[in-house]
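There are 2 protein chains.
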Amino acid sequence: MESFPSKLLENAVEEFAKLPGIGRKTALRLVLHLLKQETQEVNQFGNTLITLKNEVKHCKVCRNISDTDTCTICSAPSRDKSKVCVVENIKDVMSIESTQQYNGLYHVLGGIISPMDGIGPADLEIASLVSRVEEGTVKEVILALSTTMEGDTTNFYIFKKLAAFDIKVTTLARGVSIGGELEYTDEVTLGRSIINRTNFEDSIKQI
Amino acid sequence: MESFPSKLLENAVEEFAKLPGIGRKTALRLVLHLLKQETQEVNQFGNTLITLKNEVKHCKVCRNISDTDTCTICSAPSRDKSKVCVVENIKDVMSIESTQQYNGLYHVLGGIISPMDGIGPADLEIASLVSRVEEGTVKEVILALSTTMEGDTTNFYIFKKLAAFDIKVTTLARGVSIGGELEYTDEVTLGRSIINRTNFEDSIKQI
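Note that the protein sequences, when read in sequence, are chains A and B.
Residue numbering for the first sequence follows our numbering, beginning at 1 and increasing consecutively.
Residue numbering for the second sequence follows our numbering, beginning at 1 and increasing consecutively.
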């Protein structure tokens with residue numbers, strides 16, 4: 001598939017093939033699809049991406065992606081400003097928001113501590129989290145990072161940074177997935193779910 | 001995944017999700033990847049697509065995609081102008097070119113006759129093929145369409161249109177794939193490959 005009849009086509013295929021999970025064959029298929037669309041639609045596709053990159057902001061409070069200086073979550077009067085949920089990236093904010101179970105604010109770290117990838121605490125929004133807590137409104141920080149070694153390291157680093165403040169630091173409950181079968185649950189999760197077993201009466205109230 | 005924190009982000013995700021085989025989750029992943037890139041790279045991505053759509057041409061001889069009025073294949077002096085291989089789309093041109101076994105020209109139909117999709121002969125580059133044959137240089141037309149009902153219909157339509165001219169009309173050989181095992185070959189292909197069996201001595205010369 002290497003002999004492109006057009007340099008313009010080849011350039012477009014190469015741009016698409018840079019995206020994660022898109023190989024050259026898929027890239028060609030996508031570009032040929034775009035070529036079949038109206039010029040106006042292709043212009044819109046290209047311009048939407050350029051506009052996004054050039055105009056999108058990061059919320060000055062929580063560092064979430066936003067169209068305005070302060071994001072819609074941080075500026076909503078109905079949200080509980082005493083709770084801050086610390087997440088790795090904006091996808092996690094969207095996942096938690098879609099549960100409709102959380103009414104506090106967020107803090108987007110922009111990654112997790114990963115020495116293998118050269119990402120240290122200074123590359124993340126940890127200092128800005130500490131400043132937010134210093135201001136005094138925040139009463140609880142909920143750590144909602146991945147349960148990987150990097151996530152645990154980052155959790156522990158943040159926990160130590162916040163130790164001096166009179167706030168609660170909590171983390172997501174770990175346990176058997178709802179709908180999950182015991183025999184397919186890994187031992188560590190199952191072990192933790194026995195240690196942290198909850199009152200049955202409380203658990204049925206949450207349904 | 002429906003509560004986007006930014007309208008700009010949502011627009012970009014929707015544009016990506018219009019592409020075939022890209023769902024909203026993948027679209028979000030791709031857009032977030034682009035957001036992490038340098039502004040210059042994202043601008044280049046968008047502009048490359050816009051430039052492609054606005055500047056790419058179709059070769060006036062074979063209708064293949066081209067940067068110039070006549071494509072590199074049609075304008076190459078080394079190619080055999082007496083042979084024209086009829087294909088459905090530009091991907092097929094690239095596939096045949098990558099075999100390095102064909103030295104003639106092409107004619108890109110832009111699709112195949114498909115009443116179910118409302119595509120009739122008038123929507124395809126069949127009239128332009130007939131005009132090319134009328135000019136007199138072409139001595140052989142090779143039909144290289146898919147072996148589907150639509151492909152067979154299109155082949156037959158073109159065959160009839162060209163019946164009045166003193167040229168050879170050929171089609172690709174059908175048979176067992178190289179490396180293919182007999183037990184996994186469908187009956188029709190296997191049946192045809194017995195009827196059209198070739199001289200063993202000729203077949204080893206091609207390797």
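It cannot be assumed that every hint is accurate.
Put simply, identical chains are the same to the list, so a pair is met inside one copy or across any two.
Below, in silico cross-link-like pairs of lysine-lysine (PhoX-like), each with a Cα-Cα straight-line distance of 20 Å or less [what the hints assert, rightly or not]: (1) Lys36 x Lys25; (2) Lys36 x Lys168; (3) Lys36 x Lys57; (4) Lys7 x Lys60; (5) Lys139 x Lys83.
Honestly, the hints are just simulated from the structure, not real lab data.
What you are looking at is a predicted structure, and each value in this text was computed from that prediction instead of being measured.
Which hints from the list above does the structure break, by number from lowest to highest?
2
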